[in-house]
Amino acid sequence: MKNNINKIIEAVKTKRYIHYIIIAIVGMLVCIPFFWVQIKLSDDGKFHLLRLIGLDYSTEYGSFPFLVFPFFCKDWGYSMTAFYPPIVTYVPYILGIIAGTFMRGLKVFAMLTTVLSGIFMYNCINEITKKKGIALFSAILYIIFPYRIECLFNRYAIGEFTAFVFIPIVFQGLYNLLHGDKKRHYYIAIGAAGLLLTHTISTIYTAFFCLIYVLFNLKAFFNKDVIKKCVINVIFILLIAAMFLIPMLEFKLTTDYAILQPDIMKTDAKSVSTKGIEAWQFLKDKGEENGVSFIVGIPFITMLLLGILVYNKIDKEYKELYIINIILGLIAAFMCTIYFPWRLMPDFMCTLQYPWRLLGFAYFFLVPVCAMNVYYLLKDIQKTWLKRLLYFVVIAIIAAFTIMELNQYPVDDTSQDAKYEQSIYNNPKIHYYSINRDNMPVKALYKQRDYCYNREDNTVILSGNADILSETKEAFYMEIELQNGEKGAELELPFLFYPGYRIILEENGEQTELEYTESENGFIQITLEKDIQNGKIITDYTATTLEKAAYIISGISIMLFCIYIVWYRRKCKKNKEEINEKQDKN
Numbered sequence: 042m043k044n045n046i047n048k049i050i051e052a053v054k055t056k057r058y059i060h061y062i063i064i065a066i067v068g069m070l071v072c073i074p075f076f077w078v079q080i081k082l083s084d085d086g087k088f089h090l091l092r093l094i095g096l097d098y099s100t101e102y103g104s105f106p107f108l109v110f111p112f113f114c115k116d117w118g119y120s121m122t123a124f125y126p127p128i129v130t131y132v133p134y135i136l137g138i139i140a141g142t143f144m145r146g147l148k149v150f151a152m153l154t155t156v157l158s159g160i161f162m163y164n165c166i167n168e169i170t171k172k173k174g175i176a177l178f179s180a181i182l183y184i185i186f187p188y189r190i191e192c193l194f195n196r197y198a199i200g201e202f203t204a205f206v207f208i209p210i211v212f213q214g215l216y217n218l219l220h221g222d223k224k225r226h227y228y229i230a231i232g233a234a235g236l237l238l239t240h241t242i243s244t245i246y247t248a249f250f251c252l253i254y255v256l257f258n259l260k261a262f263f264n265k266d267v268i269k270k271c272v273i274n275v276i277f278i279l280l281i282a283a284m285f286l287i288p289m290l291e292f293k294l295t296t297d298y299a300i301l302q303p304d305i306m307k308t309d310a311k312s313v314s315t316k317g318i319e320a321w322q323f324l325k326d327k328g329e330e331n332g333v334s335f336i337v338g339i340p341f342i343t344m345l346l347l348g349i350l351v352y353n354k355i356d357k358e359y360k361e362l363y364i365i366n367i368i369l370g371l372i373a374a375f376m377c378t379i380y381f382p383w384r385l386m387p388d389f390m391c392t393l394q395y396p397w398r399l400l401g402f403a404y405f406f407l408v409p410v411c412a413m414n415v416y417y418l419l420k421d422i423q424k425t426w427l428k429r430l431l432y433f434v435v436i437a438i439i440a441a442f443t444i445m446e447l448n449q450y451p452v453d454d455t456s457q458d459a460k461y462e463q464s465i466y467n468n469p470k471i472h473y474y475s476i477n478r479d480n481m482p483v484k485a486l487y488k489q490r491d492y493c494y495n496r497e498d499n500t501v502i503l504s505g506n507a508d509i510l511s512e513t514k515e516a517f518y519m520e521i522e523l524q525n526g527e528k529g530a531e532l533e534l535p536f537l538f539y540p541g542y543r544i545i546l547e548e549n550g551e552q553t554e555l556e557y558t559e560s561e562n563g564f565i566q567i568t569l570e571k572d573i574q575n576g577k578i579i580t581d582y583t584a585t586t587l588e589k590a591a592y593i594i595s596g597i598s599i600m601l602f603c604i605y606i607v608w609y610r611r612k613c614k615k616n617k618e619e620i621n622e623k624q625d626k627n
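For any residue, its number in our numbering is found by taking its place in the sequence shown, counting from 1, and adding 41.
Certain hints may be false.
FRET-style restraints, in silico, Cβ to Cβ [as the list claims (entries may be wrong)]: (1) M445 <-> L587: 45 to 55 Å; (2) L587 <-> E515: 18 to 28 Å; (3) Y352 <-> F105: 52 to 62 Å; (4) E101 <-> F389: 33 to 43 Å; (5) Q552 <-> I502: 18 to 28 Å; (6) Q489 <-> Q574: 35 to 45 Å; (7) Q463 <-> K224: 45 to 55 Å.
In the DSSO-like style, the derived pairs of lysine-lysine whose C-alpha atoms are separated by at most 30 Å in a straight line are [to be verified]: (8) K171 <-> K270; (9) K270 <-> K357; (10) K589 <-> K293; (11) K269 <-> K577; (12) K173 <-> K614; (13) K614 <-> K56; (14) K428 <-> K360; (15) K293 <-> K173; (16) K460 <-> K484; (17) K265 <-> K354; (18) K577 <-> K265; (19) K270 <-> K615; (20) K56 <-> K327; (21) K172 <-> K617; (22) K357 <-> K56; (23) K470 <-> K514; (24) K115 <-> K589; (25) K617 <-> K224; (26) K115 <-> K260; (27) K327 <-> K488; (28) K224 <-> K615; (29) K293 <-> K484; (30) K577 <-> K115; (31) K571 <-> K56; (32) K224 <-> K360; (33) K269 <-> K224; (34) K171 <-> K623; (35) K623 <-> K269; (36) K171 <-> K224; (37) K224 <-> K56; (38) K56 <-> K428; (39) K171 <-> K615; (40) K514 <-> K571.
Hints were generated in silico from the structure; no laboratory data involved.
Ideal Cβ placement from N, Cα and C applies to all residues, glycine included.
Please work from the sequences and hints to get the whole structure.
Here it is, written out as structure tokens:
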């Protein structure tokens, strides 16, 4: 207890917690205007509102894990979480329950991620430079850079802006492993697992830039202890993220879903190559209504160009880092443009869909460069009050630019979000045309305009003979009274095809579990394996055993990971004490 108190006192003395408070205040101030913006009018806001509402219905009518939602898509059931990671699903959901509406929950979550991204950026840069001034300045820049504001206010790209929290953690761990004392190498696992459970695209590109970073540091990487720790981190990453990876893989192996098809989602090299931006768009918007802004801002460019003046002043120990960050930042910026050879890129790199998403990575690498430029420009000023005043002026200029950016987002009647949310609760059986259809089975998506549009919410006999006397359906649960069903008859149930349903045939007091397949229309299909005089078919969503096991694997892995961290830290402490004892004896 005494040691913990001493650590807190020491942290306060070193201004770390004071800096955390400053970052939190700036982060909250940046996000306050968002509470007066109508979230469902943003690019993805409506989708995420529906996702949380659907999850709420699923918790009531379904089984854990809640990968399929009832009522949605004309009451056929729809998955909006199997391909969307848990952190950006369950955390906003819990916050929404606490806040009273899911609209508020999403906004509180946005503010929380903004603050946390600043804090972890601070930790990352402080670890690398050992200079809290540079770390604080980097953190502030990181939470107010224009593209982050765009992701929040205009796009509400929840996965993308949440990924900004974990990217610094990954690189802090990687730096610590290659250049530090290796005591925090497990940050790699924390950050990467967080990314996998947040945003798949950001995970892929973080790995891509980590690989480039390692290539710059091959000498440090090819070390037995380093490689061993990398393997340990990779194992923990995969095990912790099993709750998302395993169900997604099971869905993928079950049938084809739209979100995994490059030709449908336009994630092939040819399509991605047409979605880059012109270089001049970093300075000026196209002027499209509700278009995405890629402006980096004059203040940011000015701070970047200061490197020409201060490069010779930068301490030798930081120059390699400085150059690597510039290279990685410029690579990311170049990849945003139409000039990058996207047509030659492998398929996995084209999953980002829009090359300009890499703008967030460009900022991540270049923000510390800007902070170092300002730091070394003002370093020689002797008067502390003048130096602090100039820092304040720089921050004020950046803040003014940010405020100007915020002014372009209209203040809407936010009560419409609450009304929309309530309207879904009043009438949850929404049409698939009123929802994002990326997660539909491909067969159903291709027939959305004819077969699906005209299909009723009942069982369809595709072939063979059977008499349906009655059927009742409530959410996932359905009972069908069947008579004179002949062997081989094919029945299509009014549920889109997803794994996790359990179908039981009751006949003569006996129960038999039926296998189901996907019909030619993308729905659940069952085939009668024998003649049935009088029987009842009962359908319900229970989730698969593998899906449940995945969460158990992740839960156990998180506990083992925590035990590993405690053990490793104690081991490091013991080694340090032994070294000190030997030095004292000598």
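Okay, the hints, checked on the actual structure:
1. Taken as a hint, the range 45 to 55 Å holds for the pair M445 and L587, whose Cβ atoms sit roughly 51 Å apart.
2. For L587 and E515, the hinted distance range of 18 to 28 Å is satisfied, since their beta carbons lie about 27 Å from each other.
3. Distance hint check: the CB atoms of Y352 and F105 are about 56 Å apart, consistent with the given range 52 to 62 Å.
4. Evaluation of the 33 to 43 Å hint for E101 and F389 yields a pass: the beta carbon distance comes to about 37 Å.
5. Between Q552 and I502 the C-beta distance comes to about 22 Å, which sits within the given range of 18 to 28 Å.
6. The beta-carbon spacing between Q489 and Q574, approximately 37 Å, falls within the hinted interval of 35 to 45 Å.
7. Q463 and K224 have their C-beta atoms about 51 Å apart, which keeps the hinted 45 to 55 Å range intact.
8. Distance hint between K171 and K270 is fulfilled; the C-alpha atoms sit about 24 Å from each other, no more than 30 Å.
9. With a C-alpha separation of about 28 Å, the suggested pairing of K270 with K357 holds against the 30 Å cut-off.
10. At most 30 Å may separate the alpha-carbon atoms for a hinted pair to count; K589 and K293 meet this at roughly 17 Å.
11. Of the supplied pair hints, the one linking K269 and K577 is violated, its CA atoms being roughly 57 Å apart against a limit of 30 Å.
12. The suggested pairing of K173 with K614 holds, with an alpha-carbon distance near 25 Å, which does not exceed 30 Å.
13. For the hint pairing K614 with K56, the CA-to-CA distance comes to about 24 Å; that is within 30 Å, so the pair holds.
14. Restraint check for K428 and K360: satisfied, since their Cα atoms lie roughly 23 Å apart, inside the 30 Å limit.
15. Distance hint between K293 and K173 is unfulfilled; the C-alpha atoms sit about 46 Å from each other, more than 30 Å.
16. Between the alpha carbons of K460 and K484 the distance comes to roughly 34 Å, so the proposed pair goes past 30 Å and is violated.
17. Distance hint between K265 and K354 is unfulfilled; the C-alpha atoms sit about 36 Å from each other, more than 30 Å.
18. For a cut-off of 30 Å, the pair hint linking K577 to K265 is broken: about 63 Å separates their Cα positions.
19. A hinted pair counts as satisfied when its Cα atoms are at most 30 Å apart, and K270 with K615 qualifies at roughly 19 Å.
20. Restraint check: the Cα-Cα separation between K56 and K327 comes to about 43 Å, which exceeds 30 Å; the hinted pair is violated.
21. Proposed proximity of K172 and K617 is supported: the alpha carbons are some 24 Å apart, at most 30 Å.
22. Restraint check: the Cα-Cα separation between K357 and K56 comes to about 26 Å, which is no more than 30 Å; the hinted pair holds.
23. Between K470 and K514, the direct Cα distance comes to roughly 13 Å. Compliance with the 30 Å bound is thereby established for this hinted pair.
24. Proposed proximity of K115 and K589 is supported: the alpha carbons are some 27 Å apart, at most 30 Å.
25. Pair hint K617 plus K224 holds up; C-alpha atoms about 11 Å apart against a cutoff of 30 Å.
26. Restraint check: the Cα-Cα separation between K115 and K260 comes to about 59 Å, which exceeds 30 Å; the hinted pair is violated.
27. This hinted pair does not check out: K327 and K488 have alpha carbons roughly 36 Å apart, beyond 30 Å.
28. Our distance criterion of 30 Å between C-alpha atoms is met by K224 and K615, whose separation comes to about 12 Å.
29. Of the supplied pair hints, the one linking K293 and K484 holds, its CA atoms being roughly 14 Å apart against a limit of 30 Å.
30. Distance hint between K577 and K115 is fulfilled; the C-alpha atoms sit about 24 Å from each other, no more than 30 Å.
31. Taking the CA atoms of K571 and K56, the gap is near 76 Å; set against the 30 Å cutoff, the hint is violated.
32. Only pairs whose Cα atoms come within 30 Å are accepted, and K224 paired with K360 is accepted, the gap being roughly 24 Å.
33. Taking the CA atoms of K269 and K224, the gap is about 14 Å. The hint holds against a cut of 30 Å.
34. A threshold of 30 Å between alpha carbons decides the hint, and for K171 with K623 the separation of about 28 Å falls inside it, so the pair holds.
35. Of the supplied pair hints, the one linking K623 and K269 holds, its CA atoms being roughly 27 Å apart against a limit of 30 Å.
36. Between K171 and K224 the CA atoms are separated by roughly 16 Å; this keeps the pair inside 30 Å, and the hint holds.
37. Between the alpha carbons of K224 and K56 the distance comes to roughly 22 Å, so the proposed pair stays at or under 30 Å and holds.
38. For a cut-off of 30 Å, the pair hint linking K56 to K428 stands: about 17 Å separates their Cα positions.
39. Distance hint between K171 and K615 is fulfilled; the C-alpha atoms sit about 24 Å from each other, no more than 30 Å.
40. Restraint check for K514 and K571: the C-alpha separation of about 25 Å stays at or below 30 Å, so the hint holds.
Checked against the numbered hints above, the structure violates hints 11, 15, 16, 17, 18, 20, 26, 27 and 31; every other hint is satisfied.
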